[in-house]
Amino acid sequence: MIKLSYMLVRDEKDETKTYLLKDYPPEFSNLTYIEGPNGSGKSAILHIIALALYGNRLEKDELDPGLHKRISSLVDDPQNKLTFELEIDVPENGLKLVSRKTNPNSKDIDLRLIQNGKEIPYPFEKFKNEFRLIYTIPNNPTRQLPELLLELKAAQSETTSKVSWFRGFLEKKIQDLENSRDEKNLNSEKETKKIAEERYSEIDWEHRSLSKKHEKLRSYYNLNGYLENTSKVANLQDELDKLVKEIQIANKSTVRKCKDNRSSIQKFNQIMSNIEREKTNLTFTLSKYKHSNLPKHLALINSSSVVIEIKNSDKQKTIRDSLIACINGIQSLATSEENIHKEDLLSLELYSSLLRILKNPNYSQITVPGTNSNVGLLMTQIEDAIEEKNSIQRRIKSYDSDAESVKKFLQNVENAISIYNNTDLSPDSRGMSEQEIQLASLKAKETELNRRLKLAKNERGNFKTGLISQKIDPTVATIEITKLEKAPEIQDFIKLSVQEQQVLIEKNERELRDLDSQRIELSKFINSKKKNIENLEKQEFDPDREYIADLKVFSRHLVTIESLFRSKLPEALKRIENKKMDSSSELDIKYSVLIGDYYAKKMKTILYGEKEFTVSNVDIVKEVIKTAEGKEIKFDYLGTGQSQSSYLITKLGMTDAKKTIALFDEVAMMDNKSLKPVIEVLKTNYKNGKLIAAIIVQRGEMPKVEEL
Amino acid sequence: MENKAGPGRNDDLQDLFLEMMENQDTKELLLMILNTNNEQEIYEMILQKIKGAKND
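Sequence lines, in order, name chains A and D. 16 is the number of the first residue of the first sequence in our numbering; add one for each residue after it. -6 is the number of the first residue of the second sequence in our numbering; add one for each residue after it.
Treat the hints as calculated values from the structure; they're not laboratory data. Being a predicted model, the structure only gives us computed values, none of them experimental. Be aware that a few hints might be false.
Listed next, the in silico DSS-like pairs over lysine-lysine satisfying Cα-Cα at most 27 angstroms (straight line) [claimed, not checked]:
1) K20(D) with K605(A)
2) K646(A) with K691(A)
3) K187(A) with K20(D)
4) K44(D) with K187(A)
5) K422(A) with K332(A)
6) K673(A) with K20(D)
7) K199(A) with K42(D)
8) K199(A) with K44(D)
9) K617(A) with K20(D)
10) K20(D) with K583(A)
11) K589(A) with K20(D)
12) K260(A) with K458(A)
13) K469(A) with K257(A)
14) K42(D) with K188(A)
15) K311(A) with K326(A)
16) K44(D) with K188(A)
17) K187(A) with K47(D)
18) K20(D) with K616(A)
19) K594(A) with K646(A)
20) K567(A) with K42(D)
21) K20(D) with K168(A)
22) K719(A) with K32(A)
23) K673(A) with K617(A)
24) K47(D) with K188(A)
25) K20(D) with K567(A)
26) K199(A) with K188(A)
27) K567(A) with K47(D)
28) K199(A) with K47(D)
29) K187(A) with K42(D)
30) K674(A) with K133(A)
31) K44(D) with K567(A)
32) K20(D) with K188(A)
Okay, the calculated bits of chain D under chain A, using three or more residues with CB under 8 angstroms as the criterion [claimed, not checked]:
33) 8 to 20
34) 36 to 43
Backbone N, C-alpha and C fix where the C-beta goes; we use that ideal spot for every residue, glycine too.
For reference, chain A alone in the conformation it holds in the complex:
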């Protein structure tokens, strides 16, 4: 039995109208056929029942968008104030659904299930899990395809979740098993550790043995080196002491002998630095003499090198000869001038005396006898005559002075030649005397000896440090080496040269380092094995451990299955749905055939023409229904009533255990013949408990309610 009461108050702006269930009874059978004219409220019954069963919360793929909008507006539109109470009582199943909306201003719908006297609140998710609300206006099956495929998509998604969930579980199990105690691994680790420990003992023994021998060799090497260098230091020190004394003596005599020579060198250098400048001045002086052969000698002086003449005084005399010729020439010129101007020069004294007399002021106005001129004029004439005589005298004196300059230069050249010939100025001596060279040689020897002494001391210091590091007292080195020389291990070592001993010691040190690093690595390895063994022994033993590899095979299967359901099948379904199936893809072909079979099972039969056919497959892509009788019926060929019939039967063909409430509105195109199989399916489903209520609404002239 279905009981329904409602009140809808609608603000229509010009008036507020109240709608109630008035043309139809408030109670009707679980399987009901309603007929009535437009506006009688027959569709309102279905709207309110659908709303009462959460129809407004269905997805757009699950409910026709037009219907969804209409039933949602009953609670969402503020103009509508709705209250209702719905009861669907199914005594055969022992259950009753009660849905109420008591507050006209609230959107809340209170749905409850009463079963065996227990009232249980049924929120949307719970209701959807156990019940199926089918509310539809039948259409062509092709247009309903997305709705029909929705179920498939949901199942794909649900399967993906299940597989993924279990895969996570299995991987965790495998991980736990991998972390469980591995007896085989444990034994292997123990065996590896044992081998490593044995190897460690071998290397350790080898290291200790070599280390002991190496210490003795090193002791001998250090003692021997220390003693040898001690002796070397003493010998070098003696040699150095003697040399220092020798240097002191040589130093004194060299200083004295070199003093004179240095003075000569300084003097020579002084003359040499002046001589060229003097030569230039001299040539300037001589250039005024143009008579006789003086210009020729001057040219010879100019063209000759003073330095060469000094250094080769025996072979080269050009400058000196020319200088002598010049002296003679100038002196001859002076003598000649003196002879020529002898009278003039003698009268000079007379003129001078006369001038002194005439300068007396008393004679200034006297007229000179025999002339018309006075004394003043005579004095001027005398002064001119005196000046003329003085000029001659100065010229003769300048000849003498020039001759003296030439003589002086000649003397300088002669001095330079003398110094050069008597002083060792050769470039090989580098300006040093033989004594100085000898002293320098002694000092170089001293430097070398000092260097060798320092080296020997350093060596001795190194060996001493080596001995101290070995805790051997260097002061008793002689005693220690005597004792050591008897040790059999070093007999061969003693025979080697010091360099060979050093090479051997370095080789031993490398070997010891190598052995030591091997010991460290092995020790680390053994410790890691110990830890592994400890950890393995702490782990619980799991007998299923031996199946890890097999379980991993299952895990890989799960990956394949999950991938199929997560992406491959949904993508194939999308292509099939959009009729863009990949005809070369086996997956697409197989899936589309299986989906066709699946829908065929849901459709069961269709009416075509006057006959009923058993559906064997539906080709969704080609929109063809294949029947068991071998007929192929295109969707387009189906009459509208037949299409609706097929569609409704398909919708009712769900094989799961959900209980269905079916509301079919406006089955206008269906006549009794096409409606009959739908009603048959509804009755069958009701009888076997899969359907709890069904209402079919059809347009009619008068309101009418019938039990199906």
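For chain A, the structure is supplied; the task is to place chain D on it using the hints.
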């Protein structure tokens, strides 16, 4: 994992999916997952299958 093979179970759809499996092993595995109540049970069934195969 809650078993949803109760009220919502759809054998035809399940058969469809099983048919899409590439071999018998994956088919059996999917069948176990879709029809068994919890993971531990599925795991034990797999172990039994492995042990059985080893004994054979």
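Comparing the hints with the structure gives:
no., hint, result
1, K20(D) with K605(A), "15 angstroms, holds"
2, K646(A) with K691(A), "22 angstroms, holds"
3, K187(A) with K20(D), "22 angstroms, holds"
4, K44(D) with K187(A), "20 angstroms, holds"
5, K422(A) with K332(A), "15 angstroms, holds"
6, K673(A) with K20(D), "25 angstroms, holds"
7, K199(A) with K42(D), "24 angstroms, holds"
8, K199(A) with K44(D), "20 angstroms, holds"
9, K617(A) with K20(D), "23 angstroms, holds"
10, K20(D) with K583(A), "16 angstroms, holds"
11, K589(A) with K20(D), "23 angstroms, holds"
12, K260(A) with K458(A), "11 angstroms, holds"
13, K469(A) with K257(A), "17 angstroms, holds"
14, K42(D) with K188(A), "16 angstroms, holds"
15, K311(A) with K326(A), "24 angstroms, holds"
16, K44(D) with K188(A), "16 angstroms, holds"
17, K187(A) with K47(D), "23 angstroms, holds"
18, K20(D) with K616(A), "21 angstroms, holds"
19, K594(A) with K646(A), "22 angstroms, holds"
20, K567(A) with K42(D), "14 angstroms, holds"
21, K20(D) with K168(A), "19 angstroms, holds"
22, K719(A) with K32(A), "24 angstroms, holds"
23, K673(A) with K617(A), "15 angstroms, holds"
24, K47(D) with K188(A), "20 angstroms, holds"
25, K20(D) with K567(A), "17 angstroms, holds"
26, K199(A) with K188(A), "20 angstroms, holds"
27, K567(A) with K47(D), "15 angstroms, holds"
28, K199(A) with K47(D), "20 angstroms, holds"
29, K187(A) with K42(D), "19 angstroms, holds"
30, K674(A) with K133(A), "19 angstroms, holds"
31, K44(D) with K567(A), "14 angstroms, holds"
32, K20(D) with K188(A), "22 angstroms, holds"
33, 8 to 20, "holds (count 8)"
34, 36 to 43, "holds (count 4)"
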